[in-house]
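**Q** Under full-length UniProt numbering, the first residue of the sequence shown is numbered 1, with each subsequent residue one higher.
The reader is advised that the hints may include incorrect statements.
[Stated by the list, open to error] Distance condition first, Cα-Cα at most 30 Å in a straight line; then the derived DSS-like pairs of lysine-lysine:
1) K476 x K229
2) K322 x K546
3) K521 x K337
Think of the hints as simulated: they come from the structure by calculation, not from any bench.
Here the structure is a predicted model, which is why all the values come from computation and not from measurement.
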Amino acid sequence: MEVLASSSASCTYPLFTLDNPNKPFSFTFNPIIISQVHPWKSFPVKKIEARLLCRILCKRTNLDNSGSWRSSTNAICKHKFVFHALCRLNKNFTSQSGLFAIRHGHLLRSWNTSSHQKVISHSQKIRERFSVVFVRLVAAMLLVTSASVALSNTPAWALSEENLLFLEAWRTIDRAYIDKTFNGQSWFRYREDALRNEPMNNREETYMAIRKMLATLNDPFTRFLEPEKFKSLRSGTQGALTGVGLSIGYPTESEGSRTGLVVISATPGGPANQAGISSGDIILEIDNASTESMGIYDAAERLQGPEGSSVELTVQTGPEIKHLALTRAKISLNPVKSRLCEVPGSEKNYPKIGYIKLTSFNQKASAAVKEAIDTLRSNNVNAFVLDLRDNSGGLFPEGIETAKIWLDKGVIVYICDNRGVRDIYDTDGSSAIAASEPLAVLVNKGTASASEILAGALKDNKRAVLFGEPTYGKGKIQSVFQLSDGSGLAVTVAHYETPAHNDINKVGVIPDHPLPNSFPKDDDGFCGCLQDPASACYVNNVQLFKR
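Can you build the whole structure from these sequences, using the hints too?
**A** In structure tokens:
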């Protein structure tokens, strides 16, 4: 007897046929067309085992009385032959990857049907048991997955107090920060990773985790404030602080590759102003610490301190480098100074000019401006000059309210994010008290932030003529948020555009006309430049209000 096997690429199941040789107990396996079949030799035995690496299609052949073989297909193969892929049935059927077996008695024609039925029964039991095991395995995997999801969504009650403070800071940034790509990172993934990996066993570790989180935004204006710093910031916007009276910033593009921190403005009468420090100077060192890689808020913290204490500064003014020792003092932040300038011989052309110096936008700013206007009006002024030089900004709402004082109607500023304009601040004139008199506005590179919003609004609405030099160019807006433990976050929430849709960030507001280089910054000097035609800083009062 021979067993012939054939296989090809287009055949899914191998086909086996049996022929009738004259050796009833000898089997020969001859491959005809196969991809990989191991050769078999003749075995004078009653049992044979063949290993296959694929599924098997059974074909049964019967031997008739004449000694010839007839072939008939039987998909079940119940009676004579068993070709079946098995894993382990009994001692007679074993396989690693798949096998078929032929079992017969002493005569070829008498096959053991009962043994075959036992094999089928064992096979069915194995399949049933395998199904049960498979279902249990799937259930176990689902259970593990559910547990993982539950752990990743840990409920708030399972978090520590330190974790909750970190999450409070995270949610504040998530809601308020201008860049919803969060500097190109998955903000939710960062939260999960930080809660899992960052140590938060005490308050200082939690503060460090918050600082590390904010550092990934690469935004120097978004920063964390410990409780004392937050309190100091609020006191600064409310009218007083202790320091040397400097507003500082980063060098702008127009200032080239200069290292250090630039002085935006020096508070009139403050320790820095009295020492001769002015806008445009560069602070190179604070108490022997280089400012080359120092943040502006770290520098501001170093400049502030107890009243009467000292701080050493290294300052560059042009090519000159100076080493100064300053004594910290309580800086009164009365934001407004005003005076009446009378110009003789110009009875028909603005003989009385009201000069208003606005130094910052704290909580008193807009009210102080209104008070100054009312006082000057009582002296029958014909025009106003609003001096915003060295005004480094302050509270955004106060800048808006101050603009409403001067505008009859119109847009004040557009608030924008990465998707475009998200809010518009405008006025209908209901808050205007000085919308008709001629107005000139003085600006310089110390004019920044909220004061740039005011200057841009007055210029683009053609309410005022701007004199001076391009402003600082801080076109981003920060809001301050208090956390539950008294600490806080200063967060960049938007950038703004002027009413003419000019983005001034790093560019500034461009004035209509320059001022003489020697034009003074104090009120007495200003009035002198209007009154003395022979002065080097002289400005004709008619030209001052001419577009």
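**Q** Indicate, hint by hint, whether the structure satisfies it.
**A** A quick look at each hint next to the structure:
1. Using a Cα cut-off of 30 Å, the hinted pair K476 and K229 holds, with the two alpha carbons roughly 21 Å apart.
2. Straight-line distance between C-alpha atoms of K322 and K546 comes to about 41 Å, which puts the hinted pair past the 30 Å bound.
3. The straight-line distance between the Cα atoms of K521 and K337 is roughly 12 Å, inside the 30 Å bound, and the hint therefore holds.
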